[in-house]
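Novice: These are the residues of each chain, in order.
Protein chains: 2
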Amino acid sequence: MNKYALHGKLSATAGNGEKLASILLEASQLVSTAKGCHLYLISKDPKDAESVWVTEVWDSQEDHDCSLLVPGVRELISQAMPLLAGKPEKGQVLEVLGGAGI
Amino acid sequence: MNKYALHGKLSATAGNGEKLASILLEASQLVSTAKGCHLYLISKDPKDAESVWVTEVWDSQEDHDCSLLVPGVRELISQAMPLLAGKPEKGQVLEVLGGAGI
Numbered sequence: 001m002n003k004y005a006l007h008g009k010l011s012a013t014a015g016n017g018e019k020l021a022s023i024l025l026e027a028s029q030l031v032s033t034a035k036g037c038h039l040y041l042i043s044k045d046p047k048d049a050e051s052v053w054v055t056e057v058w059d060s061q062e063d064h065d066c067s068l069l070v071p072g073v074r075e076l077i078s079q080a081m082p083l084l085a086g087k088p089e090k091g092q093v094l095e096v097l098g099g100a101g102i
Numbered sequence: 001m002n003k004y005a006l007h008g009k010l011s012a013t014a015g016n017g018e019k020l021a022s023i024l025l026e027a028s029q030l031v032s033t034a035k036g037c038h039l040y041l042i043s044k045d046p047k048d049a050e051s052v053w054v055t056e057v058w059d060s061q062e063d064h065d066c067s068l069l070v071p072g073v074r075e076l077i078s079q080a081m082p083l084l085a086g087k088p089e090k091g092q093v094l095e096v097l098g099g100a101g102i
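From first to last, the protein sequence lines are chains A and B.
As numbered in UniProt numbering, residues 1 to 102 make up the first sequence, in order.
As numbered in UniProt numbering, residues 1 to 102 make up the second sequence, in order.
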């Protein structure tokens, strides 16, 4: 299989976790139409109300990188940026060997 | 959506990462037939040859817990156990809010 996976956290400023999650849920609907996107999940950590986790699987890193060009994505990023507590960290990069569900 | 996700690492003793991955890939085929399983991915960290990551999404924690009862799973666990470097740590638990691909 050998796909490109990213698993990372975005942290919002106090009180903005839910708003950030809602923007990312909207983004997931756009981004998932991009070439090579197999998975784009938005999750929360039950113990951390202001953080949102994004778990992505793509055919390649290149496909992931191109997803920023999907119409509407940049607008959502610019809505999300002022909610963030600091710069987003680079997520964990994994190579998917196989499994089930994508 | 609100599903139960687990993201965790199993580390093999030196030289056994590939064998562990192959057992987990076999397990993913069995486990993914269980009730409530949406995702069961086996990945590796390009920087850590002896570790294997498992990323799961289930309808509920209960469905996840029941997956150990799928025929054949216990046998695969007993094949994997001697390959592990120490006890498996509990993975990261997340609540999937939504997204795309499952």
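Please note that a few of the clues may not be correct.
For lysine-lysine, the following DSBU-like pairs were computed, each having C-alpha atoms within a straight-line distance of at most 35 angstroms [as the list claims (entries may be wrong)]: (1) B/K35 - A/K87; (2) B/K90 - B/K35; (3) B/K90 - A/K87.
Don't read these hints as lab results, they were simulated from the structure.
Novice: Which numbered hints turn out to be false for this structure?
Specialist: 1
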